[in-house]
Structure formats: structure tokens, C-alpha cells
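Participant: Given the coordinates of chain A, work out where chains B and C should sit on it, guided by the hints.
Below are the chains, spelled out letter by letter.
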Amino acid sequence: MEFGFKKEHDLLKQMLTEFTEKEVYPFAAEIDDQERFPVETLEKMVAAGIMGIPIPTEYGGEGGDYMGYILAVEEISKACATTGVVLSAHTSLCCAPIYEYGTEEQKQKYLVPLAKGEKLGAFALTEPNAGTDASRQETVALPDGDDFIINGSKIFITNAGYADVYIIMAMTDKAAGTRGITAFIVDADSKGFTVGPKEKKMGIRGSSTCELIFDNVRVPKENILGKLGYGFKIAMKTLDGGRIGIAAQAIGIAEGALNETIKYVKERKQFGRPISAFQNTQFELANMATKIDAGRMLLYRAAYKKDLKEPISSDAAMAKLYCSEVAMEVTSKAVQLHGGYGYSREYPIERMMRDAKITEIYEGTSEVQKMVISASLLK
Amino acid sequence: MKNNKNVLVYVEQRHGAIENVSIELLGIGKTLADKLNGDLYACIIGNDIENQSNEIGYFGAKKVYVVDNPILENYINESYTKSLTKVINVTKPEVVLVGATALGRDLAPRVSSRLHTGLTADCTSLDIDLETNNLLMTRPAFGGNLMATIVCPDHRPQMSTVRPGVMIKPTRDTSKTFEVIKVDASLTKADMNVEILETVKEAKKLIKIEDATVLISAGRGIGSKEKMEDIYKLADILTGEVSGSRAVVDMGWIDKDRQVGQTGKTVRPDLYLACGISGAIQHVSGMEDSNLVISINRNPQAAIFEVSDVGIVGDVNKIIPELIKELQK
Amino acid sequence: MKIIVCVKQVPDTSEVRIDQKTGTMIREGVKSIINPDDLSGLEAALRIKDKNNAEVIALSMGPKQADNALRECLAMGVDRAILLSDRAFAGADTWVTSLVLSKAVELLSPDLVICGRQAIDGDTAQVGPQIAEHLNLPSVAYVSDIKLESNESLVVKRMFEDGYQSIRVKTPCLLTVLKEINEARYMRVSRIYNAYKADLVELWDNSTLGFDPLVLGLKGSPTKVKKSYTKGVKTAGKVFDVPPKEAARIIADKLKENYIL
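From first to last, the protein sequence lines stand for chains A, B and C. Heads up: the first sequence is residues 1 to 379, going by our numbering. Heads up: the second sequence is residues 1 to 329, going by our numbering. Heads up: the third sequence is residues 1 to 261, going by our numbering.
Only chain A is shown next, with the shape it has when bound in the complex (with noise of 0.2 Å):
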């Protein structure tokens, strides 16, 4: 299976490479260091058309393909994880809806600015009641006269405060089940609409990852994205193809860390010879090698089916589940072969390991990619 790989995609890599080693790589650590959100990082990205690669030129986007935009969250995540989701969560959950689901006035008004870059996106679904259970939703939105008046909150929303427009889950038939939830277009600049403080995490500490607080936010009824009661839908859909961005990110993290346990290992010495020249570390390489090419066969097979618009939920599903298992044992095995130093902040080691455990968890748990799995397994 070729993915179909065009020379392109090589030459986009290409510019990607360059681009993490001089934009991205040099800035990583300081970003985790200091919570940074990695706002210089952005504005090169949008220069060089990062931000919108699946985007149709019409609507300010690149004119590329999701295979590419994947190729630029792996690439970017080998250097830094935090980049890597900003560049996933803002293309795969806000830019991919509103180019599926949006009216033509929607993409005019949001997408463009989103896809050059003029504008960062975000998406909200999980709340304090309802993170697996997704369906529980508490947010509601009303409507009164021309427009919704949502109140609510939601949780652990990646680039919450930075981003400019969000996409929000909304109950606005209480009766109807998931058939009762529906997807708005919802301007930061909103009132009512508030940011709440940054959660301090474990990992990808440069995101910003906050709660969203709606109180009697007004939001007129053309900003419903999709139809009213097809929120869900379009919420799953949409994680369909934010996995794929997750797994990329996996993939990355797992690179990453391999990359630098193989500089690594050739320079240690013990024992009076660097330690690449011991079996333990060459059998422990083959392995982390191996499954990061295996994750990497799932992740493009997944991209490749999306640009196909074949159905990618379970082959969406596995990737994210394969891959960010992989993410988490090579890092895991990147510190123990790096010893001391690996547990040290000084190298890159231990926070690719920090930031590799979210991927097992957030856009779906890897309880909810085996739920996805299995049940297609079963149907």
C-alpha cells in the first residue's frame, strides 16, 4: 500500500523537516519550561501555509490533502508536542467541520480566516458530567427569537483563550437524546463568553488547555454548523479525523524520542565503548523502530481512506489506540536507555515522555478507540 504518496508529499516533508529543526526543535524545552503557548511558532506556521493544508485554496486553505496535514503534526511533534496540537486541534476539529458541515456564508465568514491563519480554532464537547459519556451534555442552548442563548460550561479545551472562533456542543432538545445535541459557531469576542483559568498538566504544557464559561452567551441561529439536532453526528465525525491528528502527534512524540536515544546511545560510553554496542540497546532500538513503522502504516492508511472519503472510524480508531500506546512505551524505553540523563530535564527525553501519555487519552480514551473498534467488530 502506497498511500498515495506523490512527490509533493516529499517535498512538503522536506519543508516540514527544516522547519521543526529551526522554528520548532530549538524552542521546545522552553515552551514546556515556562507553560508557554509557542505564539512565534504560530505566526512562522501560518507564513509558510501550515495552518490550513487540507483547506481548498477558495476558502483560504492550501489546496493540499489531510495526508499532508498529518505529515505536518508528525513532523512538528518529533520536536514539540504542544505545536503539534495546537496545528491538530485548530485543523482537524474546527477547520474539517466547518469546510464539511458549514453553509457557504459560515465558510466565507470562518473558514477563510481560519485556513490562512488569520484566525486560531477550537473545539468544545467534553464537561465536568460528560467525558466518555459524551452524550450527557449540561450546556443548553435556547432559542429566543432569531438566535440561541447558550449557558453552560465545557473542560480541558485545547487553545482556549487563543483561539478565535469555537466550535460548541449544545443541548437544545433535552428529550431527544444525542438527537438533542447541535454543533455552533461561537466568536471568542462573544458576551458572556469567558475563558477560565490554564490547567496545570503533566505534559504538552505549552497548550492551553482551559474552561470555557457561557453565561447567556447570545449566538444567532445562522452559526448552527450543520442542523439543529445533528451536533453529535457531525462531534463524532469530527473526532474521526482529530484522531487521526492525535495519532499523528503519537507518532511524532515516539520518533522523536527514538531519534534522540540513537544520537544518544552512540555517544554514551560505559563499560569502555558507547553503549549502541551493546545487544540490550540494539534489540531495544529494533523494537521501538518497528512499532513506530507498524503505527505508522495504521496512521497513513487512516489519512489515505479520509482523502479516499472512505468511512475511518475504526481505521481512525485503531490508529489512535495503536499509536499512542506506541508513543508511551518507546518514550518510556527512550528514558531508561538514556539512564540518569533521561530523567533529567537537560535532555529532551523525559518531556517527549510527560507529553506522550495525553495521546492515550484525550479525543477519546483508548477505553473509547476499543469501544469504536469493537463495535464495528460487532454491528
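Keep in mind that the hints were calculated from the coordinates and are not lab data. Be aware that a few hints might be false.
[Said to hold, decoys possible] Interface residues of chain A toward chain C, partial, derived using beta-carbon atoms under 7 Å:
1) Gly4
2) Lys7
3) Glu8
4) Leu11
5) Leu12
6) Met15
7) Phe19
8) Ala48
9) Ile53
10) Glu62
11) Gly63
12) Gly64
[Claimed, not checked] So, partial list: chain B residues that the calculated Cβ filter (under 7 Å) puts toward chain C:
13) Cys152
14) Ile196
15) Glu198
16) Val200
17) Leu292
18) Ile312
None of the values given here were measured: they were computed from a predicted structure. For each residue, glycine too, the CB sits at the ideal point set by N, CA and C.
Facilitator: Relative to the frame of chain A, chains B and C by itself:
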């Protein structure tokens, strides 16, 4: 062009001062001329430069060709190309040597093109093939990974630019006899085909340590911030930059942007002189690709010696002042 | 304004290593890149274009594989990309290279030609001034700043070891630029997706340029490589435990030996 097996050295002057490399070229030029059974000639181009022609003679040129003209006050490649080409046409040398400076590396290509002959850049070694009388021009390529010996068998003169600092200066001897010959290169205002608006001399700016060709790097072993003065002095003498290990950055002896290693910069200069650096892995990973590594450390078991071309066991604070003295000789 | 930027595809010499067993250069797996000084030349031209609506043409002489470098130029934003490729060009020294490039420049009749100061594989810095000579164009080398006064006149900063000159030069002219002149932009994603459209890189061979093959390639080159060799395997260093004075002398000798002094 009939050749007389002579060697012509272009003597570069700007603002009236002769470049060191040009004197060095008079040394190698004489050696080559002797091997060719010819004479060493020199050429100097500028405005009001007559008094420098004697100096050139003292360093061994038998004939000094002078193109002196107000038009040549500032270097402009057209007027200088015309002048040097004229001298070459008059003297018909076998070999022409030019210093590989910011001026010479601009002038020599134009002259060689005008004469339709070969030019070899940045040579570090020159010799004569005694069988063919061809000039053997050896130069580094591929970022110094490869040395190549170039010949120019069928075109004359054989032209080469030579790296400064490579050849040995001849001794100055005021008893030498020589001839000074003025050359009229028929220059006109039209040869000033660009307009010099301003000439500014400025001290060397701070450069990034990644770009430096010489790095004097300090480690904890130098003992105190005060001792950094010697490091800076040494860097100045070697026209290099100062860098350091994480330890000296943490102690505030130098700025963070000069740190070499895992959490600092990766460097690969021509010379990395490690002063009092133990060589922990996180430091070595940032400098091990340097071309020449010389290290000074008190501990004979220091890991830095494993990646050094030359290791000196001893007190860095005693050795550096001695080295400064030695270099200032 | 029409600007030509001369571009060379080179091996990334910072990746070249010496085989510690055989002492030979390992070129396998070393990636090909656009010469860094040329990249700065491209950026300089594109910045003029951003402000003044110029047409920027990337021009390269090289084997067919150099196509990739030109696609990169297209992705950065040049309007045209031309590859001069012919077996007759192979083995050219700087004299022949500059001759071939200058013919293409002549056919395109630009207002401005920008070359990188030098290429990292050869480090000669000769091709730029030599192109200018073949075409009898005014040229300024070692340029670290370009200001456009009008379509007919530029003011550039020409660097020397100990300072600089500010120079006004009339078009048409040729400049060779230093890497320090700017930080080159990244390829733009949308342009990357378009870069491989067919016929986007124009291929010119000797039938377009019309040279007698005898003046080209190795045959036409005044200089020839007699031999090449690596400096050999880096041997384990020596450690000296001697009094400071002697240590200083050892270091000074080593510096002389390596031309650092």
C-alpha cells in the same frame, strides 16, 4: 601569449595598507619562480601608492609594476580588472597569484575570464610539477572534507587565489635591488561603472558561535569569572569567538547564547580550544564534529581528551597566558 | 523588473563524513540541497518581488536531478525555473559553467542577476563575477544589503574583512550575495502542491544555447582536477603532560600546522 616563466603576484592594498597575504604570496611566488627559472614580479594597483612599491621590492619582487591613477582610489572591479589584465598582458607571466580576500576573490575571477584562462580558488598549497612545469594548485573542497590538486595545462597564465595565513612571509631586506615600472592601463571615467557612495571601516561585529571558525571555549576548570579575560584575549588574537560549557553559563561567567552542548548550540569550527572543560557527554555532543580539537585539563583522565586531537594535561590558567605570550611573538 | 537568480544544487557538506576505515568521503545518503548562499539570493529577489512586482527566474546548470532544487525554488515563489542540462555541460569548471549560464542570462535579458557568493561544495566564489565578465555587466560581490532606488538603480552594501562600502550600481548588473543578507523563507504549502505540475521546470539543453561542444564540459575547461584525496582518518589525539611553556608551544605549532595562525 609567449611566456617567460615568470611569476606575478598581485599585491592588494586598500586605504594604502598592504595586505599581509600579499607579502606571504611574495614568499611562495619567489619559490615558484625559482623552480621555473624565472623572476618574481609584483603588481600594485591604486591611487597615490608609489611609496609602497619599494616595500614590495624589499620582500623580493624583482620588478614592481605600478598602476597609479586617481580612478583607482576605491576598489571597483572593472577598473582593477582592466589594470591587472593590462599588467598581465605586459608581463606575460606563467603564474599569477592573488590573495583569497574579499577583494581578491572578486577581482581574480573577472581577470581570468577576460584572459580566458583557468583560476583555482583558495589554494592552501602550491608547487611546480617539474616534468610539465605546470603549477600544482591544492585546495580544500566539500567543506574541507576533500583536498583537490588542480592544474591548468593549456591556458596561460595559471591563476590561483591563495588563502591568507597559509604561506610563510619572506624576510624584509632593504638591500634588495628591484625595478619599479609604471603601467598606463588607459583608464577612463567609464571604467568606474559603479558609484562608491561611502566607505566605512568597522570593528568586527559579534557573530554567532555556530558561525565562528575559531572557538575558545571555557569550562568550570578556569575557576572564576575574572579568568575569562584571558579567554577573551586569546580569542581576540586568534580572531575567534568565546563559547563555554553549561557550567560556566550557569555560573553567569558567559551568556547563555554562547553555550555549547545538549542544551546549547552545536558547533563545528576549524578550531575548538577547550579550556578547563571536562567533556561530559552533553557537552561533547555539541562540539565533536569540530575540525581540530585542542583541550587543556588538569585531570589526565578527562573525557574531553577522548575527542581531542591534542590534549594538554595542566593548569589552564598557567598555560593560556603562556600561549598568549607565544602567539604574540 | 526581471531578476534571474542562479541556483546550484549541492550535497549538504555538513553531512559528509570520512569513512574511518578507508579514509574516503562517504557521499551516499548525503542529501542534496540548494546552496545556502543561493537560497539567500532567492530570498533577496523574492523580497524585491514582494515590494516591486518583479518577475523572478531561477536558473540552474546541472544534471537532471537538479530538477528537484528548481521545484523547491518554485515552491518558494519564483515565477519561472530553468534547468540547463546537457551531457555536453558535464565536467565543467567555473569558466565553462559561467559561460553556459551567461548565455542563458543573455537570452533572458534580465535587469538584475543575483548569485550566491559561493557554493559549499566548491567554495570558489568565481562563477558570479565570471558570468558578469562574459556579459560585460557591472558586478558587485559580497553584498549584504540591497536597496532598490528605481528599476534602473540599486544601492548595495559590499562587505570587506574590515568594513563595507555603500555602492550605487545601475541595471543591468550582477550581484553576489552573502548568506547573512537575509533568512530565506520556507516553501509555501500551496506552492508545494503545485510544484510538480508538468513542464513547470523548463529544460534547456545545448540546442537552445548553441555552443560548439568543444568549448564545453571537461574539454572546454581550462582547469582540470589532477587528483583528489581526503585528509585521511582522524587518528586518536595525543595527550601531553608538560610544563606550561612547552604546552603553549605545542598548541602554537598545531595551530600553524592547521593554518589557524
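Participant: Which numbered hints are broken by the structure, listed smallest first?
Facilitator: 1
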